[in-house]
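J.: Sequence:
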Amino acid sequence: MVYIILGKGFEEAEAIVPCDMLRRAGVDVRLAGIGAREIVGGHGIAVCADCIAEETDLTAAEMIVLPGGMGGVKSILGSETVLHAVKTVYANEGYAAAICAGPTVLARLGITDGKRVTCYPGCEADMGNARPCGENAVIDGRVVTGKAPGTAYDFAMALIEVLRGKEAAKKVAAGAVYR
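Numbering of the sequence shown is given in numbering that gives the first Met the number 0, commencing with residue 0 and proceeding in unit increments.
No lab work stands behind these hints: they were computed from the structure. Be aware that a few hints might be false.
In the DSS-like style, the derived pairs of lysine-lysine whose C-alpha atoms are separated by at most 27 angstroms in a straight line are [what the hints assert, rightly or not]: (1) K73 with K170; (2) K73 with K86; (3) K86 with K7.
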């Protein structure tokens, strides 16, 4: 199971594109809203989450994905449930994934220490002991990071690659006429 966390003000493309592409790859994905099922993104798009984070055992996930959007990141940082789940999933050999400003949450939790990562330009100073680069998507062990809304497809393909393999990512990319 993969949970994509939606907090008020999340970046819509960074949640919906990975959700769609992962589902095309046959991955069981759930959108988990912080505090509610209907969550309004940073650009006013309301999304109906599959579940409410606080009512779901997020710690059983194979991967937790954190979209960016400054409001969404603030919501995530304010949710002990989500922060605990991210730490637990990663500690239990699961994946921690984040895009845009989302990787700053992973940095605060110490998950990106020593890892090669990417993030939204300007967030590098908030990446602690990580090793930021300018790539669109980066896989470093069990940490997957993406740069920005415009790289949501690159990020999604990286998520598919770590969960289902390179061939599955290529198949989904071809079916979506990506690249």
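J.: Determine for every hint whether it applies to the structure shown.
T.: So, going through the hints one by one against the coordinates:
At most 27 angstroms may separate the alpha-carbon atoms for a hinted pair to count; K73 and K170 exceed this at roughly 35 angstroms. For the suggested pair K73 and K86, the alpha carbons sit about 17 angstroms apart, so the restraint of at most 27 angstroms is met. Under the criterion of a C-alpha separation no larger than 27 angstroms, the hint pairing K86 with K7 is consistent with the structure, at around 21 angstroms.
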